[in-house]
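Protein chains in written order, with this note's numbering: chain V, 1 to 141; chain U, 1 to 141; chain A, 1 to 141; chain B, 1 to 141; chain R, 1 to 141; chain D, 1 to 141.
Bear in mind the hints are in silico, worked out from the structure with no lab data behind them. Keep in mind it's a predicted model, so treat the numbers as computed, not measured. Hints are supplied without guarantee of correctness; some may be wrong.
Stated by the list, open to error - With a cut-off of at most 20 Å between alpha-carbon atoms, the simulated EDC-like pairs for lysine to aspartate or glutamate come out as follows:
id, chain 1, residue 1, chain 2, residue 2
1, V, Lys39, V, Asp74
2, B, Lys139, A, Asp74
3, A, Lys39, B, Asp137
4, R, Lys139, D, Asp137
5, A, Lys105, B, Asp74
6, B, Lys139, B, Glu110
7, U, Lys139, V, Asp41
8, V, Lys139, U, Asp41
9, B, Lys139, A, Asp41
10, U, Lys105, V, Asp41
11, A, Lys139, B, Asp32
12, D, Lys39, R, Glu66
13, A, Lys139, B, Asp41
14, R, Lys39, D, Glu19
15, V, Lys65, V, Asp32
16, R, Lys139, D, Asp41
17, B, Lys139, A, Glu66
18, B, Lys105, A, Asp74
19, B, Lys65, B, Asp22
20, V, Lys65, U, Glu110
21, D, Lys139, R, Glu19
22, R, Lys65, R, Asp32
23, B, Lys39, A, Asp137
24, D, Lys105, R, Asp22
25, U, Lys39, V, Asp137
26, B, Lys65, R, Glu66
27, V, Lys139, U, Glu19
28, V, Lys105, U, Asp74
29, R, Lys105, D, Asp41
30, A, Lys139, B, Glu19
31, U, Lys139, V, Asp74
32, U, Lys65, A, Asp41
Below, each chain spelled out in residue letters.
6 protein chains.
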Amino acid sequence: MNAAAADGTRGSGTQAPIEYEDASAEVRAVYDDIMATRKSDWVNNYWKVLAHHPPTLRRMWANSKEVMGPGALDPLTKELIYLAVSVTNGCRYCIASHGAAARNKGLTPEQHAELVAIIGLANETNAQAVALNLQIDDKFR
Amino acid sequence: MNAAAADGTRGSGTQAPIEYEDASAEVRAVYDDIMATRKSDWVNNYWKVLAHHPPTLRRMWANSKEVMGPGALDPLTKELIYLAVSVTNGCRYCIASHGAAARNKGLTPEQHAELVAIIGLANETNAQAVALNLQIDDKFR
Amino acid sequence: MNAAAADGTRGSGTQAPIEYEDASAEVRAVYDDIMATRKSDWVNNYWKVLAHHPPTLRRMWANSKEVMGPGALDPLTKELIYLAVSVTNGCRYCIASHGAAARNKGLTPEQHAELVAIIGLANETNAQAVALNLQIDDKFR
Amino acid sequence: MNAAAADGTRGSGTQAPIEYEDASAEVRAVYDDIMATRKSDWVNNYWKVLAHHPPTLRRMWANSKEVMGPGALDPLTKELIYLAVSVTNGCRYCIASHGAAARNKGLTPEQHAELVAIIGLANETNAQAVALNLQIDDKFR
Amino acid sequence: MNAAAADGTRGSGTQAPIEYEDASAEVRAVYDDIMATRKSDWVNNYWKVLAHHPPTLRRMWANSKEVMGPGALDPLTKELIYLAVSVTNGCRYCIASHGAAARNKGLTPEQHAELVAIIGLANETNAQAVALNLQIDDKFR
Amino acid sequence: MNAAAADGTRGSGTQAPIEYEDASAEVRAVYDDIMATRKSDWVNNYWKVLAHHPPTLRRMWANSKEVMGPGALDPLTKELIYLAVSVTNGCRYCIASHGAAARNKGLTPEQHAELVAIIGLANETNAQAVALNLQIDDKFR
C-alpha cells in the first residue's frame, strides 16, 4: 500500500480485503473457524482487512468468539449491546454488520424501533446528567 | 443560584435537588407518578434537579415512561442497552443509576461481567473499523 | 426490510423514508403539523424514517416542537447550540439539516466561521483540561 | 513532578497551578493580559497549569482571545456554543468554568434550562440519525 | 454559499476549496508557507476550505506549525498521536490526511498494524475502566 | 455485591479490588505474570477488579501483553498512543495509569507538554473537518 507516488504522497492507506483464495494457510484457518462457528459460507470485510496482520486477526477472532459466544446473556441481547455502543460511537460499518447479525438472531422491526428509542433517550439523559453535574444518590453508591 | 459574588463570579451553576416537601403541586404530581410506576418510595436526583424547570421534568418523565416501559424488549435488556450507551459516553451518574435499575431487574454478576466485556469489545472493534476505513460488505447494504 | 436472503443474511437494515402519499392518517397528521409549524411544504428524511414507528414519530415531534420552539433563547442561537453538539458527535445528517435551518434563520457566513472556530477551540481545550486533570477552581464551585 | 519513587512509580502526573507570585515575567505578562481583558483580578487554573509550558500558555491565550473576543456572534452565544461542546465531551472543568462565564454574561436560569434541553435533544437525535443511517435530503446538499 | 432557494431552503452549507489561482494575496501567503514548510507543491482541502475565513486560516496554520513542528517528540510519533485522536473521534478526513503524513514520515505497515491494535485496545480498556468505576490507585495519584 | 437492601435498591455496583492474598490460584497466576513482565511488585486496580471474572482477567492480560509488548513501535510511543485515546475518551483512570507508565518509560515534562498540545490540536481540527464537511483530497484516497 505504500509505494511512493511521484508527487510525494504515498498512496491511500486503505487496505483491500484479502480473499480466501489469496490467503495464507494461517489466515485460512481463521476464516474456516469463523465460517464454521457462524454456520455461514462467507467472511465479512472486518476479518479480511485484519488479515493483513495475522496475529491481530487471530487475536481478535479469539476475543470475539469468547465474548460473543454462549454465556449468561442470550445472543440477541449481546448484539443489541454491541449496536448500542456502535451507534453511540457513530461506527457505520459496525452498525451495518451487527445490525445484520441482530436480524439473523431474530430482531424484529418493533424491537429495532425500541432499541433506537432507548439509545436516543440514553444519549439525551447522559448529556443532561453531565450538564447538570448530578451528584450520585447515596442509594446508588 | 445566581447571586452575584463580590469578586465578580456568580456562584456555582450546580442546582440542589428539590425535595418532595419543598416541591410545587405540579412537581409533586410527577414525583408521585414516578414512585407509583416504579413501586418505590423515593425519587432519584436526576428528577429532583430537573424539577427546577417543570416543563422539562414533565417532558422527560413522559419520554422515559414511554421508552422504558413495557414493549417488545424485556425490561432488563432495555437497561443493558441504556448502560452500554452510558458507559460509552462516560456518564458516571447514569452508570450508577441504571446499574442499580439493572440489578433490581435481576442482572447477575455473571451477566454484568459479560456486559462489560461486550461493551469493551465493541468499543475496540468500532475503533479498528474506523481506523481501517472498512467498506461495508454488499451483503450488509 | 427483513425478508431472509438465500445466503442467510437478512437484507439491509436501512429503512426507506415514508412519503406523504404512502403515509397513514396518523403519520400524515404529524407531517401536516411539521409543515404548518415550519411554514414549509415538505418534510425531511428524519421524520419520514421515524414514521415507520408512529409512536416514536409523534413523541419526537412533540419534543422537538417544545424544545426548539419559542422560549428564552432566540431561534438562531438554539440552532447553533444544536450544531455544536452535532459537530462534536460527528453526525453528518444533523449538521446538514440543522445547518440549513440555521441559514434559514439568518446565519451569516461570518457567524458560521465563528461558530466553527468556537467548536474547534472548545474541543481542543476540553481535551487539554482532561489531559491535565485540572481541578475546578473554588470560585467555580 | 517526576521524582522517581522508591517503588518504581514516578509520582503523579498532575501539575500544580503556578501562582502569579511564583511565575516568570513571561508568564506574568500573559496573566496580566488575561486579567485586563476580562476586567478581573484573578486567573483560573486552566491558565495556571498551562503555565508550566509558556509557549502553550501564550499560544492558547492568543487563540482564546481571538476566537472568543468581539465578533459576529454575541459573547453569551459564544459561551453557549462552548458549553454545548463541553457537555457533549463530558468535560467537567470546562462546564464549570464556561458555565460561570455564561452567568457573568447574563445567562438566566430559564435560558440555562433551555440550553440543557437542546443539548439533550441534539444528543438524542444525533444518535437516532446515526442508528437509522439517514440519507441526507437533496435539499440539504 | 447562501443564495436563497425558491423553496425556502438556502442551499448547501458545504464550501468549495479556494484554489491558489483564485486566492487573495493574504491567503496565498499562507499557502506558500504551507508548501515551503512541507517541501510540497500542493495544499490539501482543509486549508483551502479554511481560506474562506482568512483569520482562521492564518491562526490555524500558525498553531499547526508550532505544535507539529520540530520539538521533543519526533515527527512520526507526533503523527501517530494525531491519528490516535482522529480515529477515536471518527474523523475520516483527518485519518486520511494524517495517515498520508505518517506514511510520508516513514510509517511501515507493521507499525500501522500496531497503531491500530493499540488504539483498539485503549478504546476497549477505557470503556471497561469507566464501566467498572475503577478507583485510581494511590501510586498513580 | 448484590444483597437486596431493605429499601428496594440492591447496593452499589462498584466492586472492590481482589488482593493477592485473597485471590484464587488462577488469579494469582495472572498477577504473577503481570508483575514478572513489568518487573514490578504490585498490580494496579484495573486487574484486581477484572479478577472478579477470571476469564476476562486472563483474556485482557493476554491481549495487553501482546499489543503493548515489544514490536515495531517503541514502548514509550505505544504509551503516548494509549494516552491520546484515553484523553479523547475522558478516561481519568486510564490517563493516570498510562501517564505513570509513560513516565516510567522516560516521558519528559517537555514531551508531555507536546503530547497535550497535539491531542488538543487534533481534537480541534477533527471538529473543524467535520463541521466543514471536508471532502477527502484525491491524493489521500
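Hint check results:
1. Restraint check for lysine 39/V and aspartate 74/V: satisfied, since their Cα atoms lie roughly 18 Å apart, inside the 20 Å limit.
2. For the hint pairing lysine 139/B with aspartate 74/A, the CA-to-CA distance comes to about 24 Å; that exceeds 20 Å, so the pair is violated.
3. Note on lysine 39/A and aspartate 137/B: the hinted pairing holds, with a Cα-Cα distance of about 18 Å set against a maximum of 20 Å.
4. The hinted pair formed by lysine 139/R and aspartate 137/D fails the criterion: a straight-line CA distance of about 47 Å is larger than 20 Å.
5. At roughly 16 Å between alpha-carbon atoms, lysine 105/A and aspartate 74/B fall within 20 Å of each other, so this suggested pair holds.
6. Among the hinted pairs, lysine 139/B with glutamate 110/B is inconsistent with the structure: their alpha-carbon atoms are about 34 Å apart, more than 20 Å.
7. Among the hinted pairs, lysine 139/U with aspartate 41/V is consistent with the structure: their alpha-carbon atoms are about 12 Å apart, no more than 20 Å.
8. Among the hinted pairs, lysine 139/V with aspartate 41/U is consistent with the structure: their alpha-carbon atoms are about 12 Å apart, no more than 20 Å.
9. Of the supplied pair hints, the one linking lysine 139/B and aspartate 41/A holds, its CA atoms being roughly 12 Å apart against a limit of 20 Å.
10. The suggested pairing of lysine 105/U with aspartate 41/V is violated, with an alpha-carbon distance near 39 Å, which exceeds 20 Å.
11. Using a Cα cut-off of 20 Å, the hinted pair lysine 139/A and aspartate 32/B holds, with the two alpha carbons roughly 19 Å apart.
12. Distance check on the hinted pair: lysine 39/D and glutamate 66/R sit about 38 Å apart at the alpha-carbon level, beyond 20 Å; violated.
13. Pair hint lysine 139/A plus aspartate 41/B holds up; C-alpha atoms about 12 Å apart against a cutoff of 20 Å.
14. The hinted pair formed by lysine 39/R and glutamate 19/D fails the criterion: a straight-line CA distance of about 56 Å is larger than 20 Å.
15. Taking the CA atoms of lysine 65/V and aspartate 32/V, the gap is near 13 Å; set against the 20 Å cutoff, the hint holds.
16. Taken as a hint, the lysine 139/R and aspartate 41/D pair is honoured in the structure, with Cα atoms around 12 Å apart against an allowance of 20 Å.
17. Of the pairs offered as hints, the one joining lysine 139/B and glutamate 66/A is violated, with about 25 Å between alpha carbons and a cut-off of 20 Å exceeded.
18. A distance of roughly 16 Å separates the Cα atoms of lysine 105/B and aspartate 74/A; the hinted pair therefore holds under the 20 Å criterion.
19. Restraint check for lysine 65/B and aspartate 22/B: the C-alpha separation of about 24 Å exceeds 20 Å, so the hint is violated.
20. As the CA atoms of lysine 65/V and glutamate 110/U are separated by approximately 17 Å, the hinted pair is consistent with the 20 Å bound.
21. Distance restraint check for lysine 139/D and glutamate 19/R: the Cα-Cα separation of roughly 15 Å lies within the 20 Å cut-off, and the hinted pair is therefore satisfied.
22. Straight-line distance between C-alpha atoms of lysine 65/R and aspartate 32/R comes to about 13 Å, which keeps the hinted pair within the 20 Å bound.
23. Of the supplied pair hints, the one linking lysine 39/B and aspartate 137/A holds, its CA atoms being roughly 18 Å apart against a limit of 20 Å.
24. With a CA separation close to 50 Å, the supplied pair lysine 105/D and aspartate 22/R exceeds the 20 Å bound.
25. Straight-line distance between C-alpha atoms of lysine 39/U and aspartate 137/V comes to about 18 Å, which keeps the hinted pair within the 20 Å bound.
26. Pair hint lysine 65/B plus glutamate 66/R holds up; C-alpha atoms about 18 Å apart against a cutoff of 20 Å.
27. Our distance criterion of 20 Å between C-alpha atoms is met by lysine 139/V and glutamate 19/U, whose separation comes to about 15 Å.
28. Taken as a hint, the lysine 105/V and aspartate 74/U pair is honoured in the structure, with Cα atoms around 16 Å apart against an allowance of 20 Å.
29. Distance restraint check for lysine 105/R and aspartate 41/D: the Cα-Cα separation of roughly 39 Å exceeds the 20 Å cut-off, and the hinted pair is therefore not satisfied.
30. Distance check on the hinted pair: lysine 139/A and glutamate 19/B sit about 15 Å apart at the alpha-carbon level, within 20 Å; holds.
31. Between lysine 139/U and aspartate 74/V, the direct Cα distance comes to roughly 24 Å. Violation of the 20 Å bound is thereby established for this hinted pair.
32. About 33 Å separates the Cα atoms of lysine 65/U and aspartate 41/A, which puts this hinted pair outside 20 Å; it is violated.
Of the hints listed earlier, those the structure fails to meet are numbers 2, 4, 6, 10, 12, 14, 17, 19, 24, 29, 31 and 32, in rising order.
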